[in-house]
Amino acid sequence: MNRVMHNLRAGLPALDLRLASIRGVDWATWKWLLVPLAAFFISRMVVWGGAYLAEVALPGNTGTEYWHAVPENLFLDIMARWDSGFYINIARDGYNFTPGQMSSVAFFPLYPMLMNMAGPLVGNNLVLAGIVVSHIAFFLALVFLYRLTELEFGDARTAERAIYYLAIFPTALFFSAVYTESVFLLFSLATVYFARRRMWGWAAIMGIMTSASRIVGVLFWAVVVLEWMRSHGWTLSQIHRKSAWVGLFRAVRQDFGSLFLICLIPLGLISYMAFLYIQFGDPIAFWTAQSAWGRGSLGPFGAIFRDLNKLMTQNFATGDIWWNSLLNLIALFSTLALAPFVWRRFGASFALFTLLGVLVPAMSGTGSMIRYMLVLFPIFMLLAHWGRNRLLDRTLMTAFTVLLGLFTAIFVNWIFLA
Amino acid sequence: MTVLIRTLPRSIDSKWVRQYILPIGLALLALAFINLGLHGRLAPRQPFAPYQLPYINDFAAASIGNWFRFGGNWSENDGMLQQGQADAATASIFLPLWLSTNDVYQTQTRLMLEPGTAAALAFNGQYPRLTQNRHQVQFSVQDGLWQMICGYFQGPGDFRSQAVIPLTQPGDQPLDVQVAVNVSAAGYAVRVNEQTLIKDVPLFFKGGLVGLATSGGSARFDDLQVFKPGEVTNQATAATPTALAAPPPEATPAPAADLVNETSLYSSAFTGALAESGWIPFAGDWAIDNGSLVQRQVEGYDLGIAYQEPFEAYQLTTRFRHLSGVGGGVLFNMTSPDSKNGAVMVRYTDDGSGIFWGSFDEQGAFTGQGYAATENPGTNAHTLDILHNGSSYSIKLDGNELATGMPLVPRAGYIGLTASQSQVAYEEVSIKTAGTGEPGPAVSNETDLLANAQSLTGEWQYQDNSVQQVLTESTDYMLGIGILAERYALKVDVMLPADLTDAGGGIIFHMPNRDDRRGAYMARLAEGGKVVFWGRYNDNGDFEGIGAAEVNLVPGTPVPLTLIVGSSTFDLLVGEANVATGIPLERDSGWIGLVSYRGVVTFRSLALSLNGTAS
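Residue numbers (our numbering), protein chains in the order written: chain A, 1 to 418; chain B, 419 to 1033.
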């Protein structure tokens, strides 16, 4: 017996060598691809498995207003709910705008445009096209987040935690749905990644796409400008120093080309506004249309106070509460609480995006805040950094996964989540 | 990716090109991508705009390229539209023509089906590529006969039948029919081969698309038309071998009788404890609060409370406001105070877009009868009136009539309040009655009935409350009153001339066409009022008697002639005498007219009840 064991142990190194030669690949160099791939598949299994089970096992809302885009194929149908209808309609029939009514102009064009283009490749099934676009974009976003986090921290473990936190965040189901979240996240991450790498041209290109995918995308103009200023030694902490300003003016003269490229970022939004003006005579129709969703310009704190007041008058003991508002306010205040830490760890540009990423939509209402929080990637990078603490890491992983399953079931059964 | 990006410009030596020109070029490409995509792919395509009413298609030329298809294999062959995929479980195709919710229109087509297949004319479709939220008139085989099924898809695959009418065509033979649907605000009517089979069917979806659908196999369609009544053009007529009959006037259901001598049966006083109020909750969280009866549970559908006593023939008035959500309304005609089963319900839709009404069966399954769009109720108080007149009911919201003549099971029933997905405060509930119980049949006066009258033969002169035929030749003269009906009671005073012993006058009814007596029935006085006879015109226009009776009236004296038409028989009364009962009818509807033999014959006090009581 001992001889057998000895022979086996002796043979193991040889076996390892043979395997390595068979593989012929240094897998460590591909970690930036493989880890996101694993996070992608694991998280999507949770979402798709939970969604399907929730659809077939739980009673959901039924009625005229609860439409089904692909009733003959539940696997596709479960990912098309609520706003998905607008994206499908835009991709199929183009935009429409009727003042006072819920109009599709409220939804930015990049995602439905990609759906429209992908449609012919998948048999003109726009739901499938939307799901394919969402998943491809989500996977690439994970890759960018991994690289960006690795760039910030120089630590693959932190990068790994960041992409897992993002992939299993309670509202991460929207990365699989016919929603714009994954496309926006991809281009916003790419913009920041290239900006951090001082590749201003590519950052500008990605920024243009970002500003065409959601209204807050235009914030990346400011984000990249701040990054450019920081690369030339100007930071908010040195704002009182004359040398910082002198250096900045010198940089403008010497690196004007880069600054010019960065200033192209809003052109994605401007293109959409020009389109709206030409088609409907209202360049800000995407904002005008918000009133039909019960949103309006309430100021930076009006909506927050309104929803807070709503919560104060409810009976939590009996469960007679506006749970959506509760979740949204938790998301809002969590983000606001984390923003100073983001500032301290990553600088003003990330903090600006994190803050405005919730405050801009909050000006018209706190609805869907838990979905808007989903794309604020600096938060996930920060949590990943803190996740070195194993207790926090396990808590987040457990809580996020459970809530992801729950939220998926809610979404699939036509209960409005975000 | 960064490796790729770095290697791309490697062959370019110039730093400017690599750092600026190339990125600017790529940025321009990105902008071109966005703008070409926006203007080329996402510009509003107005898919419903290309076609206007009237729309006529005989499928002689390729024309369905931009139609909305959902399943099946649709093509134009031999001047017809064909769905050729034999194994297509469901297939549909819709015209790129969007009808507004206010459009009154007619759509018609010819369907050709083989046994074992089913096909439908779909209308008011809300989604061009979904099998849901649309009405349709379908033809399929059941129990060895072709049958027509009217109904609507509430959700995916959730078809709800509103009427099933067997046809005479054996199910083992192909079916070739012309089907027409008249859509109006009151509902829709269906004609098959120019015969009205059903009308006043409630609409659950208003406006939308017209299309065709098949299930279980292939089918062919021809001469598809959509037009507004009265807008039929020469082109339309030419396109259809069988000339379009003028659409029938909307057969208005009998208006609810006004209640007189109102007596208050119940008036709410929401004070004190709920248990002592006489109200019995059976679902939800009900309480009396600040002078209102409040349903406080946010989640849940058709939560209800009922009053402890039943009522019969009443006006139920409820004033209520939504505290959160939308979905408040009333229940009535309830079989018991502790269940919604068997009750009629009228309430706001959950999204506040309108009011709908219908009834629960004994198992609690709800069948809708109608819907009316209204403004979102918000948190304002609204008054809902239900006028229950025994066999039908009417609905008013804030004084505006939403529906009349909705049929219900006559009974003494309980009344209740209901809320769905909402918190509702009911501030006032009152019940009044006229004390007369079942109102008599609603009747229209002569002026209304003769508004669309048309002289077919003879010379008809109108005077106050009467119409006279003045020609004296020995032949029948006809006046079409321009009304098509199925079941009704028609009463008219007929006065024959005192100086002509062979004059006569009466009623012609169930005419297949408003201007053609072939196939019609007639009941008229003859021989100066000595006899009354009844019979039917055959397809050649020759009269075939069915029966006769002596009445011996006094010429020159008006006598009431009453015709009560049921679904398959009719009764005839002269004065108070019932001279014919249960005479079989081979048709179930048709146009109505007056007939005189010689003249001068005077018809006075013409009255029509569309709630005929004959069996």
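Derived by calculation from the structure, the hints in this document are not laboratory data.
One thing to keep in mind: the hints can contain errors.
Said to hold, decoys possible - Listed next, the in silico DMTMM-like pairs over lysine to aspartate or glutamate satisfying Cα-Cα at most 25 Å (straight line):
1) B:K850 x B:D769
2) B:K433 x A:D255
3) B:K814 x B:E845
4) A:K310 x B:E962
5) A:K310 x B:D703
6) A:K310 x B:E717
7) B:K624 x A:D320
8) A:K310 x B:D707
9) B:K948 x B:D933
10) A:K310 x B:D769
11) B:K646 x B:D703
12) B:K948 x B:E962
13) A:K310 x A:D320
14) B:K909 x B:E780
15) B:K948 x B:E904
To be verified - Distance windows between CB atoms, simulated:
16) B:D594 x A:M102: 40 to 50 Å
17) B:S518 x A:F316: 52 to 62 Å
18) B:G796 x A:N61: 20 to 30 Å
As the list claims (entries may be wrong) - From chain B, some residues computed to sit far from chain A (all C-beta separations above 12 Å):
19) P647
20) S710
21) Q715
All values derive from a computational prediction rather than experimental measurement.
Cβ coordinates follow ideal geometry from the N, Cα and C atoms, glycine included.
For a quick check of understanding: which of the numbered hints are violated here, in increasing order?
When the structure is compared with the hints, numbers 1, 4, 7, 9, 11, 14, 15, 17 and 21 turn out to be violated.
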